[in-house]
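Now that you have both chains on their own, put them together as the hints suggest.
In the order they appear, the protein sequences are chains A and B.
Reading the first sequence from the start, the letters are residues 1 to 406 in the working numbering.
Reading the second sequence from the start, the letters are residues 1 to 199 in the working numbering.
FYI, nobody ran anything at the bench for these hints, they're computed from the structure.
The C-beta atom is built at its ideal place from N, Cα and C for all residues, glycine as well.
Do not take every clue at face value.
Said to hold, decoys possible - To give an idea of the chain A side of the interface with chain B (calculated C-beta under 8 Å), a few residues:
(1) L92
(2) Y123
(3) G130
(4) Y133
(5) R134
(6) A154
(7) G155
(8) H163
(9) E177
(10) G181
(11) D196
(12) G197
(13) R198
(14) S202
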Amino acid sequence: MRYILYIVLMVILGVLPGQVWAFGTLSNVGSDHYKVDFNLTLIGPGVGPGHAEVWKRWLDSVWDTAGMANECPKINFEFHVDSSDAFDEFDLPGDYTDDTRTRIHSDALSGLQESFPDSSYVYVVDSDPGQYYRGWANSAEGSFGQSGWSTMDAGSSARTISHEVGHLMGMDDHYSENAEGLTTVDEGWEGNLAADGRINDSDLVNDSSKFIDARVLSEIIEAIEHQTGEDLACGKPDIEGEMVWHHDTGIVATDVDGDLLVELDYIESEGDGSDFLVTGSVNPIDSTLTCTSSICNSCGCTTCTIDKATTGYVSGIANWSEDGNTLITTLNWLESQWPQETVSMFFSCGGSATQDTALLSSTFIQSGIIGTSWEVEFPDDVAQKEFSSKNYAGTGIGVMNFHTNE
Amino acid sequence: MPTKTPQRIAAFFVVILIFGIGVYILSDYFRFNREVTVSDVIEGFDGSDLNNSFYQLDKYILSPSKHAEAAQNATAYLGSSDPEILFAAVYLIVNTGDALYAPYLVPLLSHDDVLLRTVVAGRLIGWGEMASIPVLIESLDSDLMLPYADPPRRLSELAQEALPYYTKQDYISRNEWQQWWSQVKEQLIWNASTQQYGL
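Next up, chain B with everything else stripped away, as it sits in the complex (with noise of 0.2 Å):
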């Protein structure tokens, strides 16, 4: 009936804007409530869009519970071909991961890319692993920055934090250190429960 219509456009305003409102809460709901696994971490992760590829990464740092599930499933990435998943598996378990996954990254102290074989580096001298110790000192006198690290970070920042920690020796210069190494490489001896490198 003519005299109707405005009721039922008024109405099927209505109805339009609830259905918009309901579609709005079920979409917010699900973005914010979706399991996001450590396969869509990794494979995910977009150089462009650090922020969110870091969030999404600590979502399993953060969240200890789930270290083990995150440094497991991200081995199976650590031969990649595409730097930027081969970085986001190894930084998950540099931070997610414990000394039994030291072997899986071992063969990366050798990797072409300097920035990521010193990351490593820098986790396995932690893990017991002395052939990180030439890897850090290589770093040593490097002007390269960490990457992706905010605020910016030299890379010889791991080298500097970690060759006096777990060696205590307070060697300064890369020369030195590499003096230090050439004598004592053969004998040196990593203790687990004191977490320390000595002869």
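Here chain A stands alone, though its shape is the one from the complex (with noise of 0.2 Å):
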């Protein structure tokens, strides 16, 4: 029970907004509209004065315009670059692999992290014009849970700054190099910031959404899915045909003739005194989940909100009737990435989602029809209800969470 408390609360925990990650943090700031503050730091013999304000300059105004103009969901991407005329020696361990990655960071970096947390970290080398120095970074894929790291000389253009720190994000490489360096762009590729050397900067710092286009917005959505938990797709799902989530202990969604219906055939219960009545009647979009609640006066609560799924398979906006009897809950969205994963949907009441609240388990199938519903019954003494659905597999994957304000 206890394990299931502590998903409930993790779960609870990463829906909140501004999460932060090693690297920068996510804000939903609006409808499909998310903000990325990435934090970077500049050491090294190279940085000089102004570097900090430059880079930052560069990078907000590409990075910024190419998320603004992606047709959805909108990022606003803000830079928060620093920098330090400490650690000019760098001493790199081992080769060059995936581990390696782990030993800059936990040996290497650990000064520099107490120093800058949370932050991504770029080794600006000393060069002079014309100096031909060879940058890299981690990918965000390889420096999942860490910070990002990167090497750029002094002299880097806006075009190498923005291409580096993009792969920071989890921008992909999109050409390739024989072995004697010789660069081939993949096709259709060609004049995006991910590939091709021919872009002008200047061009670049003007508009970059000619350079950088959704695929590119993609691969850093999904590493800050990957390390947020969130689920930044939107607009409707694509959904066709039967619909199926799980068979055994959870929520089947079937569409018919348009409608995606949530079945409800089975339910369990954990505790005393409690139990379950929801009514559930869920399409795709904009559709309505009714729960009623017997106990929900005693509470003495009028207002539930639910923040955005973390993951998105289930996500909306619920409140509580006038009479406070009621629970309506709009789903937003709904969609099935996982044909396997298990729902369960789980009841907990109490002052607060920590040790002491009463935790009501259920997870239930029942048959999909329209007007089913789950009827919650709260111990008199409770002070806030809690009511959430979980869709999860292993880790705890927040769906659909909405309590009562005290």
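Okay, structure coming up:
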């Protein structure tokens, strides 16, 4: 039970806005609109006065323009670039492998992380105009759970900086090199920041949306999703035909004549004096699930809120009815990417989602008929009610969570 | 004794497990703590494993206290006929050396490989070697790309960066630069204190 409570707590925490990951912060600033705050620290002998400011200006311009030009979701990028004249000397360990990346972070970067936590780092090589230095960056894929790491030279162009920082955020390369060092742009990626070396710097800074398209942003979005557990996808899910989430202990969602129904055909409860009765009818967009609670009045609660789900299998907005007896949940997203996903519904009530929370865990599938309802009976002494729908596989992925305000 | 066989088998596997863990820890330790010499780095340069090759070069470039050692030892490879070794040696000197190493690189300004001689010229122009200027001018209208660059970069970018910076001229086309060079090449002087070429 405590394990379940822990999962619930983690998921609840996970849906709070402003999620921090290793190198930045993701915030939901509106419908299908996010903001990425990306922290970058410049170190090394090549860092000069003004570097941080110039790099920030370029990065903000290039990535924010492209993010806001994206059809959906819109993403604001803001870079917070700091610099330090310390850490000139750097001992790189071993060979360049995935493991090495870990070693760079765990050994060499430990001092940096104390001084500049929650940041990615760029070692800036001291260079003169005309001096050829080849920079590189860890991909976000390689630095999950850690700060990103890159090296560039002091004279790096806006294109190089944007490209390498793009890697830190999750962008892949889309060109190949042969053994002689000659590069070939992947087919279809001509003129793209991820591949093409012929992009003019001023053109890029003036309007990056010509050089960073939805494919690049989708790579970054995917990396952010992996790190945060958020689902940044937006719009109506593409649902065709029958869609089944799980057959044993979860919600079965079926597309019937364009409507997606949630079928509840199983109920299980733990704890004393509690049972469920939930009314459910779920369409893909703007459908309504109505839950009734027989004890809502005694809880003295009138409002219930739900944040958009972390990974978006089901999410929506829920409000208590005026009389406080009915919880009306509007679901605006329902999607299954994992056909065998276990879908469980949890109900909890108590002062807060901590150890003193009385948790009722129920897993159910009932026959999917519009109008089926769940009834939730709260203990008399409950100050705050909490109702969560979880769609999880092992680690817990928040789907739907609403609770009363005290 | 037959009754002890299961315990012996279990003990055997425990010993094997402990041995395996020990081997792993030791090999891991040596892999990450072994000293890599300049020769290792240059001779090990492999164009088919660029990430690791440049990573090894960065062990010296990102450690300024090792720059003198790197540049000095790299000079021994400047006569190599192996293009990868030659490139690695040049790259290391370009990024760890100083103007004292210019005499070692000057002969490469006439190397057959335009990519290599342009990389060399891009470094030498800032070390006061005027012979680098026509090499850079030559690259201005080249459509070639810098070798191994990440992200890909035009070869001409080195010249576009360096020529205006060190000469304070702002010509655009190769022809303009060529004309300027023809007019001034006999009078041009390198001023080491200002890091500029002037008349």
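Going down the list of hints, with the structure as the test:
1. Below 8 Å, beta-carbon pairs count as interface contacts, and L92/A has one with chain B at about 5 Å; its hint therefore holds.
2. Because the closest C-beta pair between Y123/A and chain B is about 6 Å apart, less than 8 Å, the hint holds.
3. Satisfaction of the interface hint for G130/A is found here, the shortest Cβ-Cβ separation to chain B being roughly 3 Å, below the 8 Å cut-off.
4. Interface restraint check for Y133/A: the shortest CB-CB distance to chain B comes to about 6 Å, inside 8 Å, so the restraint holds.
5. Evaluation of the R134/A hint against chain B yields a held restraint, the C-beta minimum of about 6 Å falling below 8 Å.
6. Hint status for A154/A: violated, given a least beta-carbon distance of 12 Å to chain B, over 8 Å.
7. Satisfaction of the interface hint for G155/A is found here, the shortest Cβ-Cβ separation to chain B being roughly 7 Å, below the 8 Å cut-off.
8. Against a cut-off of 8 Å between C-beta atoms, the interface hint on H163/A holds, since the closest Cβ of chain B lies about 4 Å away.
9. The beta carbon of E177/A comes within 6 Å of a beta carbon in chain B, closer than 8 Å, and the hint placing it at the interface holds.
10. At about 3 Å, the closest approach between the beta carbon of G181/A and any beta carbon in chain B falls short of 8 Å, and the interface hint on this residue holds.
11. Here the hint on D196/A is kept, as its CB sits about 7 Å from the closest CB of chain B, short of 8 Å.
12. Interface hint status for G197/A: upheld, as the beta-carbon distance to the closest one in chain B is roughly 3 Å, under 8 Å.
13. At a threshold of 8 Å, the smallest CB-CB gap from R198/A to chain B is about 6 Å, leaving the interface hint in force.
14. For S202/A, the interface hint is violated, since its Cβ never comes within 8 Å of a Cβ in chain B; the closest pair sits about 12 Å apart.
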